[in-house]
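Number of protein chains: 2
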Amino acid sequence: MSDRVLICEVGPRDGLQNAHHLMPTETKKAWISALAAAGLKEIEVGSFVPPKLIPAMADTGEIVAHARTIPGIKVVALAPNLKGFQRAIEAGAHKVTFPVSASRKHSESNVRMTPEQMVEEVRKCAQFPHPGVEIEGAVSTAFGCTMQGSVPDDDVVRIAAGLAEFCDYVALADTVGYANPAQIKRIFKKVSSAIGSKLEAAHLHNTRGLGLANALAAYEVGVRTFDSSLGGLGGCPFAPGASGNVITEDLVFMFEAMGVSTGIDLDKLMAARKLMTEAIPQEPTYGHFSLAGYPKGFSAHA
Amino acid sequence: MSDRVLICEVGPRDGLQNAHHLMPTETKKAWISALAAAGLKEIEVGSFVPPKLIPAMADTGEIVAHARTIPGIKVVALAPNLKGFQRAIEAGAHKVTFPVSASRKHSESNVRMTPEQMVEEVRKCAQFPHPGVEIEGAVSTAFGCTMQGSVPDDDVVRIAAGLAEFCDYVALADTVGYANPAQIKRIFKKVSSAIGSKLEAAHLHNTRGLGLANALAAYEVGVRTFDSSLGGLGGCPFAPGASGNVITEDLVFMFEAMGVSTGIDLDKLMAARKLMTEAIPQEPTYGHFSLAGYPKGFSAHA
Numbered sequence: 029m030s031d032r033v034l035i036c037e038v039g040p041r042d043g044l045q046n047a048h049h050l051m052p053t054e055t056k057k058a059w060i061s062a063l064a065a066a067g068l069k070e071i072e073v074g075s076f077v078p079p080k081l082i083p084a085m086a087d088t089g090e091i092v093a094h095a096r097t098i099p100g101i102k103v104v105a106l107a108p109n110l111k112g113f114q115r116a117i118e119a120g121a122h123k124v125t126f127p128v129s130a131s132r133k134h135s136e137s138n139v140r141m142t143p144e145q146m147v148e149e150v151r152k153c154a155q156f157p158h159p160g161v162e163i164e165g166a167v168s169t170a171f172g173c174t175m176q177g178s179v180p181d182d183d184v185v186r187i188a189a190g191l192a193e194f195c196d197y198v199a200l201a202d203t204v205g206y207a208n209p210a211q212i213k214r215i216f217k218k219v220s221s222a223i224g225s226k227l228e229a230a231h232l233h234n235t236r237g238l239g240l241a242n243a244l245a246a247y248e249v250g251v252r253t254f255d256s257s258l259g260g261l262g263g264c265p266f267a268p269g270a271s272g273n274v275i276t277e278d279l280v281f282m283f284e285a286m287g288v289s290t291g292i293d294l295d296k297l298m299a300a301r302k303l304m305t306e307a308i309p310q311e312p313t314y315g316h317f318s319l320a321g322y323p324k325g326f327s328a329h330a
Numbered sequence: 029m030s031d032r033v034l035i036c037e038v039g040p041r042d043g044l045q046n047a048h049h050l051m052p053t054e055t056k057k058a059w060i061s062a063l064a065a066a067g068l069k070e071i072e073v074g075s076f077v078p079p080k081l082i083p084a085m086a087d088t089g090e091i092v093a094h095a096r097t098i099p100g101i102k103v104v105a106l107a108p109n110l111k112g113f114q115r116a117i118e119a120g121a122h123k124v125t126f127p128v129s130a131s132r133k134h135s136e137s138n139v140r141m142t143p144e145q146m147v148e149e150v151r152k153c154a155q156f157p158h159p160g161v162e163i164e165g166a167v168s169t170a171f172g173c174t175m176q177g178s179v180p181d182d183d184v185v186r187i188a189a190g191l192a193e194f195c196d197y198v199a200l201a202d203t204v205g206y207a208n209p210a211q212i213k214r215i216f217k218k219v220s221s222a223i224g225s226k227l228e229a230a231h232l233h234n235t236r237g238l239g240l241a242n243a244l245a246a247y248e249v250g251v252r253t254f255d256s257s258l259g260g261l262g263g264c265p266f267a268p269g270a271s272g273n274v275i276t277e278d279l280v281f282m283f284e285a286m287g288v289s290t291g292i293d294l295d296k297l298m299a300a301r302k303l304m305t306e307a308i309p310q311e312p313t314y315g316h317f318s319l320a321g322y323p324k325g326f327s328a329h330a
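First to last, the sequence lines map onto chains A and B.
Counting from 29, one number per residue, gives the positions in the first sequence under the numbering used here.
Counting from 29, one number per residue, gives the positions in the second sequence under the numbering used here.
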């Protein structure tokens, strides 16, 4: 085994947040349990946003509490502000991720703050007591924005460096699926030079089909943590056409085929996928492994 | 501009050969003209196989003759044997590609010859006078086979080296979509060490969604010629589940986004795609660029 990666399933948050159909709370719990049974060690289970804004996330407190009972997984929740962070801490999240858009236009449209003001908001959250809870700063629209178009590399590096001052981890997110492999390598290298090992995850979308190629590029410059969603469920509600995270099962297959261990059992992952698609059958899902299956004689490294 | 790649459109051959619906000869001609107008410089227009075996290829002679009238393109045809080669020369193909399976089981099942016997068959073809016609040996199932499972690297290197003795070019084909990026790099490097610059193209399929990631991996080890098909049309009729070449428009988008010139105009390529899908509307097509379009502010390098 040459190496290993950590895959963080974000379907219960990024997927369901953008789905047109609600998944019942008990099904969410069963799905998260099935994901953990497949070997997922980190799961972003929900978002502490106002329930009126995103009804699909109204039960996040209960979902976090359930996920906490599953041994061996890190339970992640998204929070957009201090109120959300307080709810996440109260619910028992192990790790809270704060999105900060590197695109000025996206940030101002989305949270009515500049990226710099948003970094200061997250700093205030970090100053709130949070014993045992890890904080991730996620630089969204780091590779381009549907409102602004291109986002200067320097803006990404500056926001990442600001977050690294007080966050445990920093992630870079291709929120709207604009990234290409050359850009992925260039920007991850620049941010890594600026903040070192605090740079952790690549959060990629598959909008233009480059999800796996971008993941490969990130892997090649040292990234070992990847967000993805089962069946490619999800997207960004504030970015038109941004549907679809990189697809968990295809990502797992790619890495396992390359001899890179994910710790994930693909058969059990397919069982978790079946549970999901049966619960929200009208919701579009994607992916190739689910159709094509294993190559003949394939041996996974899970 | 850091670099450029050559993309060879194989849809009129690999795509239509496996389509369930016939494309009328005049539409094929219009499609090939539209592909050339989009900037494709090399087009595999058909296959000189027995018409009874593959009716969709019965008009290949007429198609080659038409393609020959388009200035600035290299007209490629597939031939499985000497008879096909003679027909290709007579029709006026600029380049003829001979598939030789590296998988013993696939070769014996498909052409009733061992890979070594098939290399000798192609050698006999190469000894037939073919003034001005280039010959490519395409090592098929080079990354695995639905019948045999894994194919030893040494078999691929040996077949490629045999073909390189008398072919102008050698290509490696992931006929059934089994390849992964690590394997692509490893095998292209091994074959390149054995035969040097005669190794030219990567012929990739997208069966497990890894088409673009594999193309990226091949690019990173020096491959600059890629076979692909518009809309991902096509596959291998002798390999179940092998549907879908890597998708031309997504491949072009990836490279252009990376700053690698393809010489292809994506808007005109979309026009060629529309012509194709309108001609065979029931045929499944694939791809992301056709749905998502350009990122805001995107500037191509065509």
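Hint data in this document are derived by calculation from the structure and do not stem from the laboratory.
Do not rely on the hints blindly, as some may be mistaken.
Since the list gives no way to pick one copy over another, a pair counts as held whenever it fits inside one copy or between any two copies.
[Said to hold, decoys possible] Simulated crosslink set (DSSO-like; lysine-lysine; CA at most 27 Å straight-line): (1) K226 / K324; (2) K217 / K111; (3) K80 / K69; (4) K296 / K133; (5) K80 / K152; (6) K296 / K69; (7) K218 / K111.
Each hint, compared with the structure:
For the homomeric pair K226 and K324, neither the shortest alpha-carbon distance inside one copy (40 Å) nor that between copies (30 Å) is at most 27 Å. Taking the shortest Cα distances, K217 and K111 never come within 27 Å of each other, neither inside one copy (34 Å) nor across copies (54 Å). Within a single copy, K80 and K69 get their C-alpha atoms no closer than 30 Å, and across copies no closer than 55 Å, so neither meets the 27 Å cut-off. Taking the shortest Cα distances, K296 and K133 never come within 27 Å of each other, neither inside one copy (41 Å) nor across copies (32 Å).
Proximity of K80 and K152 under a CA criterion of 27 Å is satisfied intra-copy only: 24 Å inside one chain copy versus 74 Å between copies. Only within a single protomer do K296 and K69 lie at most 27 Å apart by alpha-carbon distance; the minimum there is 14 Å, versus 46 Å between protomers. Neither within a single protomer nor between protomers do K218 and K111 lie at most 27 Å apart by alpha-carbon distance, with minima of 33 Å and 57 Å respectively.
The structure does not agree with the numbered hints 1, 2, 3, 4, 7 stated previously, though it agrees with the rest.
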